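Here's the letter readout for the chains.
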Amino acid sequence: MPDAWVSVSLTSLALLAGLVLLAASVNMFGLSKRWDPSLKHCFVTGGSSGAGLALAKLLAQNGAHVSIVARDQAKLNKALEELEAARQNPQQVFRAYSFSVNTEAGSAAAIEAASEPFDGRCPDAFFLCAGASRPGFFVEQTEESLRTGMEQTYYAQAFTALAASKTMVQQGVKGKIVFCSSILGYFSMVGYSTYSPGKFAIRGLAETLQSEFMLYGIDVHVAFPGTIYSPGYEEENRVKPKVTLKIEETDEGATPEVVAKIILDGVRSGKFHITVDFIGNVFRSSTAGSTERNSYALDWVHGLIGYIALPIWRNSVDSTVLKHREEHEAYLRERGLRS
Amino acid sequence: MFGFSKRWDPHLKHCFATGGSSGAGLAFAKLLAQNGAYVFIVSRDQAKLNKALEELEAARQNSQQVFRAYSFSVNTEAGSAAAIKAASKPFDGRCPDAFSLCAGASRPGFFVEQTEESLRTGMEQTYYAQAFTALVSPMRHRKPWSSKASRLKGKIVFCSSTLGYFSMVGHSTYSPEKFAIRGLAETLQSEFMLYGIEVHVAFPGTIYSPGYSEENRVKPKVTLKIEETDEGATPEVVAKIILDGVRSGKFHITVDFIGNVFRSSTAGSTERNSYALDWVHGLIGYIALPIWRNSVDSTVLKHREEHEVYLRERGLLS
Numbered sequence: 008m009p010d011a012w013v014s015v016s017l018t019s020l021a022l023l024a025g026l027v028l029l030a031a032s033v034n035m036f037g038l039s040k041r042w043d044p045s046l047k048h049c050f051v052t053g054g055s056s057g058a059g060l061a062l063a064k065l066l067a068q069n070g071a072h073v074s075i076v077a078r079d080q081a082k083l084n085k086a087l088e089e090l091e092a093a094r095q096n097p098q099q100v101f102r103a104y105s106f107s108v109n110t111e112a113g114s115a116a117a118i119e120a121a122s123e124p125f126d127g128r129c130p131d132a133f134f135l136c137a138g139a140s141r142p143g144f145f146v147e148q149t150e151e152s153l154r155t156g157m158e159q160t161y162y163a164q165a166f167t168a169l170a171a172s173k174t175m176v177q178q179g180v181k182g183k184i185v186f187c188s189s190i191l192g193y194f195s196m197v198g199y200s201t202y203s204p205g206k207f208a209i210r211g212l213a214e215t216l217q218s219e220f221m222l223y224g225i226d227v228h229v230a231f232p233g234t235i236y237s238p239g240y241e242e243e244n245r246v247k248p249k250v251t252l253k254i255e256e257t258d259e260g261a262t263p264e265v266v267a268k269i270i271l272d273g274v275r276s277g278k279f280h281i282t283v284d285f286i287g288n289v290f291r292s293s294t295a296g297s298t299e300r301n302s303y304a305l306d307w308v309h310g311l312i313g314y315i316a317l318p319i320w321r322n323s324v325d326s327t328v329l330k331h332r333e334e335h336e337a338y339l340r341e342r343g344l345r346s
Numbered sequence: 196m197f198g199f200s201k202r203w204d205p206h207l208k209h210c211f212a213t214g215g216s217s218g219a220g221l222a223f224a225k226l227l228a229q230n231g232a233y234v235f236i237v238s239r240d241q242a243k244l245n246k247a248l249e250e251l252e253a254a255r256q257n258s259q260q261v262f263r264a265y266s267f268s269v270n271t272e273a274g275s276a277a278a279i280k281a282a283s284k285p286f287d288g289r290c291p292d293a294f295s296l297c298a299g300a301s302r303p304g305f306f307v308e309q310t311e312e313s314l315r316t317g318m319e320q321t322y323y324a325q326a327f328t329a330l331v332s333p334m335r336h337r338k339p340w341s342s343k344a345s346r347l348k349g350k351i352v353f354c355s356s357t358l359g360y361f362s363m364v365g366h367s368t369y370s371p372e373k374f375a376i377r378g379l380a381e382t383l384q385s386e387f388m389l390y391g392i393e394v395h396v397a398f399p400g401t402i403y404s405p406g407y408s409e410e411n412r413v414k415p416k417v418t419l420k421i422e423e424t425d426e427g428a429t430p431e432v433v434a435k436i437i438l439d440g441v442r443s444g445k446f447h448i449t450v451d452f453i454g455n456v457f458r459s460s461t462a463g464s465t466e467r468n469s470y471a472l473d474w475v476h477g478l479i480g481y482i483a484l485p486i487w488r489n490s491v492d493s494t495v496l497k498h499r500e501e502h503e504v505y506l507r508e509r510g511l512l513s
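So the sequences go chain by chain: A and B. When we follow my numbering, the leftmost residue of the first sequence carries the number 8, and every step to the right adds one. When we follow my numbering, the leftmost residue of the second sequence carries the number 196, and every step to the right adds one.
Read the hints as simulated data drawn from the structure, not as lab findings. Just so we're clear, the structure is a prediction, and the values are computed from it rather than from any experiment. Beta carbons: idealized from backbone N, C-alpha and C, even for Gly. Certain hints may be false.
As the list claims (entries may be wrong) - Label pairs and their computed distance ranges (CB to CB):
hint	chain 1	residue 1	chain 2	residue 2	range
1	B	Ser313	A	Gly127	38 to 48 Å
2	A	Ala337	B	Glu410	44 to 54 Å
3	B	Val413	A	Glu341	25 to 35 Å
4	B	Ala254	A	Trp307	45 to 55 Å
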């Protein structure tokens, strides 16, 4: 039918024109200039283990001053040794601080301590890797466990972002904040009611600040890694519901080092959302909405793949959950959760 | 799937509505009453609750319907549990069939003016107020899925916002929470397939309610400027669209064209209502949203000088 072809052609032309226009406008605000960590002061929370430590070591290898913050002093000491092993030149300053960053006061104190070797000048880049996951069925949660989940995912980063922003604005430092969300900040499923909301919230905060910090020349980045083979992951799998483990059994994860490298590359090249593998790219492209994209052309491809593949994948996730109903009934009965 | 094709009917269903004494929550409660439901509204302000109860009575369809208004603070598990227990009493302890969680408030402002307290308050009012009610709602009391009684499907309706699909300057105490509501709804939509409970989440934009006037009193000028061309809707219009969405089994419920565009453009693996329609909305979004975003960013950048003066006045620059 001629009319339909005309419509399709016009739509495609409009799309092409749009893509060309948008591809041209991708590099704004000097993001095309690559950021160099060399001799920048990088502040890393959750920096004594997992991806946080890998990121800290990578920054050290790239010539940065690195301050890592966590709670466990023993882990911090060990991490500091690993940073020293990555030293590139004698100018670099490596420090490890024991602070609890899930309050504004704790975060502010950590930043103040880290600024001391620099005559009070605050760090140039804040990598907020603090976080933990404790999956489980929603019916087994309590007010306390939901609150703890939010503390461990959202507040662990939000208050450091708050303290860091105030300091950077006060001192006129045009720095960077790098949040760590998760692919479970793009979608969710059974078992993640204590984790996903907080990771979605991290995205919400990053989206707000990416806009708002244009007032200050502060760049915002947010990473969305999937499974990371770290001590935290093993801990998480100990308590994860069987049905969730089943759904995830074909997932491929990555080592902290691989994830850290991709995140640092993304920060260097000015990407707002940073995803670490093909699945991450598909989710990123399929959920972007009005979020600043890195490549409108590439995202079109990933988005198209997602439009077809994600519903198919989702159907199989739903099937697995439905098949689990009987076993789950028995599980509830054993725990006296059935009246 | 799961009988979504059969339209849900509020008639004689036991509906529990938080944030039910004003705004969209009240409009939704009245609409349920007009459709023959039993309605229990919960909020904190007793005076508002009394007035709301009168409005429910005015919407009464038959003498069987039961309307009640309870004053409870639902942002703790205990408060939510007490509210649901009170609402179950007239039914010999049988808990509600449908939960409409409209509790929430917005207090916009610049991030650098926030404190730990203000960020936590935002989470309390907007996320926990809905999460804890969802926590205490029916699972523990529902019959096993294999029994006949379970064919009466329970429902939970969360209230997020278009600011749960995107964000911008001024909404750091609200958007994270609305994104979190989406995250919880996405988790439970999957998990509650274990129990036969259907999850819905609404994403309204601007609603012309008392809450909106309050919100605009404190909203940063630059945010107001960006939003000046936004069209809002009355609570009644929003409530009708949400109820229609719940009836027809839509997971994400958006209330206008902009909402549809955002919904389609951010869906990812989320269950869609119409893959064909979403393709059109998504295409429009792919072209139009970045253009809109560019203008938002421009407005923010132009505001830099004025903002610097603002910060200096408040001693936030050294």
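*Out of the numbered hints, which ones does the structure contradict?*
Per hint list: 1 and 3 violated.
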